[in-house]
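Chemist: One letter stands for each residue in the lines below.
2 protein chains.
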Amino acid sequence: MNGTESFWGWGVSEKFPERKTRRELAERLETELGFPDLTVQEPPSLSECRVPEPSVSLPEDVPCTTERDVRIHHTYGKSYPDLVRGFRGQFGPAPDAVAQPTDETDIQRLLEWASEETVAVIPFGGGTSVVGGVEPDLEGRAGLDGTTSRSTGAYNGVVSLSLDGLDSIHEVDERSRRARVGAGIYGPALNEGLEAYGLQLRHYPQSYEFSTVGGWIATRAGGHFATRYTHIDDFVESVRAVTPAGILEARDVPASGAGPDPNRFLLGSEGAFGVITEAWLRLQPRPVHRARVSVEFDSFWGGVEATREIVQSRLTPANCRLLDPTEVLLNEIPAPGKSVLVLGFESLAQPVESDLETALAICDSHGGTIQDETESADAGDSWRNSFFDGPYLFNQLVSMGVLVDTFETAVTWDRFEELHTTLTRAVQNAMADACGMGVMSCRFTHVYPDGPAPYYTFLALAEEGRELEQWRQIKSAAADVLIAHGATITHHHAVGRVHRDWYEQEQSETYLAALQSMKRTLDPAGIMNPGALLHNREIRR
Amino acid sequence: MNGTESFWGWGVSEKFPERKTRRELAERLETELGFPDLTVQEPPSLSECRVPEPSVSLPEDVPCTTERDVRIHHTYGKSYPDLVRGFRGQFGPAPDAVAQPTDETDIQRLLEWASEETVAVIPFGGGTSVVGGVEPDLEGRAGLDGTTSRSTGAYNGVVSLSLDGLDSIHEVDERSRRARVGAGIYGPALNEGLEAYGLQLRHYPQSYEFSTVGGWIATRAGGHFATRYTHIDDFVESVRAVTPAGILEARDVPASGAGPDPNRFLLGSEGAFGVITEAWLRLQPRPVHRARVSVEFDSFWGGVEATREIVQSRLTPANCRLLDPTEVLLNEIPAPGKSVLVLGFESLAQPVESDLETALAICDSHGGTIQDETESADAGDSWRNSFFDGPYLFNQLVSMGVLVDTFETAVTWDRFEELHTTLTRAVQNAMADACGMGVMSCRFTHVYPDGPAPYYTFLALAEEGRELEQWRQIKSAAADVLIAHGATITHHHAVGRVHRDWYEQEQSETYLAALQSMKRTLDPAGIMNPGALLHNREIRR
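Residue numbers (numbering that gives the first Met the number 0), protein chains in the order written: chain C, 0 to 540; chain R, 0 to 540.
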């Protein structure tokens, strides 16, 4: 990591701009997006933060710390409610301790101890969850109910389990192009370690720099590929986890038809069944051929049709991101009022120009105009930079009293138009009602032959002290529409604590009962990340 | 179906050739494969078959039949032990009755009744299982222990549940290119029904003509695509099932990151949790561009290297089937002593010639020689015909006392050579030991960047009355090697009853415990296809 990790916001502190720069951003919001006068504030110092005393005695045979700063770092993820509470210095939900295991034996000991003591254990990779996936809030909802203190229910305490100590590349099998890696390894370290072999994972979630392989698997993280390899799922050959009931692992084979895929029980398990400790990942060399272009559409719906036809033609663009006019504005792409499709192809084996030509012919037939090459490269670069640095903007916005969040989904093409229209209206109404004003944008992050994965960003005026309430009102309005219109509550942000109510509406009761029965078997004491993914069941003490 | 379904063998009776033709095949085996003099026998008439009387009283509110011929048809799958027992007229394991529901309500009623009465229920699609997946053999092993009578253990009886009544195409969503179809629909009926929309599923398992969508999903069937869309899994948007505990279904969205994928609990569930009743499937138009060629290799290992490089270049051939010299001989491809790679590309959007050229350059660098176009087309056609008609050959072989079976796996490239060498030796030894002689061939049916899915066929001399014992010896030798060498017990033939012992070795105990706990929740009385996939647990009566 190039810098000091921010204790309250996204990424490294060094990238939090000085007041003057933030004032310039505030002015842009005031003039371009209709925000009233914004007040730029400063974050607290680390020493000003309020953290409760730890209240649990620790196991002797597992490395653990109760250091205040480490506990602060393991309190929240990186959602808007997390940033707001951090910016106010409120670290009430801090875990009692942070376990720092160096191997599976440490983890087994910790889970055994925690099961006996009824202490909750929350696996913590990079801590970039935006759905309250790592917050020690066992009965509340990670900000959704305005939590600024900890609710531990029947538990005697909460330990956050850092995976930082399991960050090795154990084996690289060049012949099969795969590697066995520890769950705690971060994106950049993984690719650096693989460089000697000329291989890469090529999975770039927006959190890439600050998140881990284990976190990606536990949350089914989305990568930068718009098609085909959309989730980490597609790169996972096999997963291994320590559960309170023993080791759960799948055989490292390229494919199998033997029963339900065991990897799929851990992909998306969000720490509720156990701790993912390592995985075999499928690798590939750096692509040899690339082509990229941006296409402008006067109408968003023209762009939607072009996108649909491109994926239904079974073209597999690496990038196929449709931005609505508000996204174009927010990303400072010089195409005011237009929708823009950022289209890119990459290939190992052969040139991709003909793929691009085919896709452009489709765009043309739906009213798309190709930007000239220079502009196009600009849009592409601008897009990539804003992709990885995007979350930094949230830090600035929080500091000027702007409520900002994103949500995303996937829905079939036949339902998209109605969903989008209803969603836009509902979120606009909720923002007007809760905040007096607000702006929402939409882009496609991933696309499938049967439907798009639209990604929404909203910005509204926050009122100090009421931020969580305002956020909850908007977030709930959006989530209700998703569920009512046949969409999923999340395409790649996971369930965590924040999405749990809607996740329960999305799934059949029978399926939830099956998951709960699995959890009872794998985690008899109910200590694994209680409240995330699944409703926290009653704990007998 | 064009003909009368064979009650003992594969497919329709009309395709069972007359004695003279079979005698010609026997001669080929004698001269080309070194078989001693073979005796060609005739199958029994339906009336000669031995079927026990049914022993269970039926529910009044669900359509059921105890007709002898229907029960015979629902006794076995289509494995070698099934054909041999059928050819001898032994239908001891026949179910007591065959339920013929016409909708989900019928199924719910049946499962409720069966749960109360402790009667086992075996979902039956097309009945083409080659792993004892549909045999009413609840404690035995579908031929693996020489079963020719029924073992019902603690159950009061067994009902086979035919899905033939749930064969509708419910909805076609042309915009999202998907359809909601009943689980009981057969391959040809599905594609005929979709023809009006210009769409196809493009999933062609070898059993295509005689198997159903529900069966494909329950067993994770492999299709004809060698890469990318290798299993039905890749075409399934969402699945719905009736379990004794209620409806288990997933939302029909193009993708989701919300928790473990619920579809994956049903894909490969083999009727152990409930009855798959319908699914949303992803469709596509007929491909516009195709190219195909056959490449000869003097060395099988040259072909292996070429295949590996092709898939690792991220080319996605529709066909990429490497045949060893014995496969070449069995498939009557005019390239004696050579290995042949049948290579095909197809595409909707654009010509595939450059894909083919890239692949051929790779073959060339590994010693591959392109057959001329005429020969090449022959090899391709010969291949396709023998693919779909291949199983018919088994009927003939059984009638002349030849023991014939196939098994398949997937393994990473780094382990393939040792696996293949050990497997070849072990199976040759087992055939020599059990039968005095035998021949084994290998082809790749599917290939992945991290490893191939090799498919083996073996032929040996059977001794009347000892066939099951001989088969078990060879089958066990092969399966033991797969498990010992890091391969999977099956890439697309499922687990059923036959593979269960090795499946339990392949999976972690913790995972099996999790599956069993799910089963207890979804199927509290333990009536769903007991003995298939999972070890049959103790039933309290």
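Don't take every hint at face value.
[Stated by the list, open to error] Calculated Cβ distances over 12 Å to all of chain R for the following chain C residues:
no.	residue
1	Arg18
2	Asp60
3	Glu356
4	Ser440
5	His445
6	Arg499
[Said to hold, decoys possible] If you want a taste of the chain R side facing chain C, the calculated C-beta under 8 Å gives, among others:
no.	residue
7	Gly221
8	Ile246
9	Ser353
10	Gly435
11	His491
12	Tyr510
13	Met517
14	Leu532
15	His534
16	Asn535
[What the hints assert, rightly or not] Derived coverage of chain C by chain R (criterion: at least 3 residues anywhere in the stretch with Cβ under 8 Å from a Cβ of chain R; other residues may be distant):
no.	stretch
17	72-82
18	155-165
Rather than coming from a laboratory, the hints here were simulated on the basis of the structure.
Just so it is clear, CB atoms sit at the ideal spot from N, CA and C, and this is done for glycine as well.
Chemist: Which numbered conditions among the earlier hints are violated in the structure presented, ordered from lowest to highest?
Modeler: 3, 5, 6, 10, 15, 16, 17, 18
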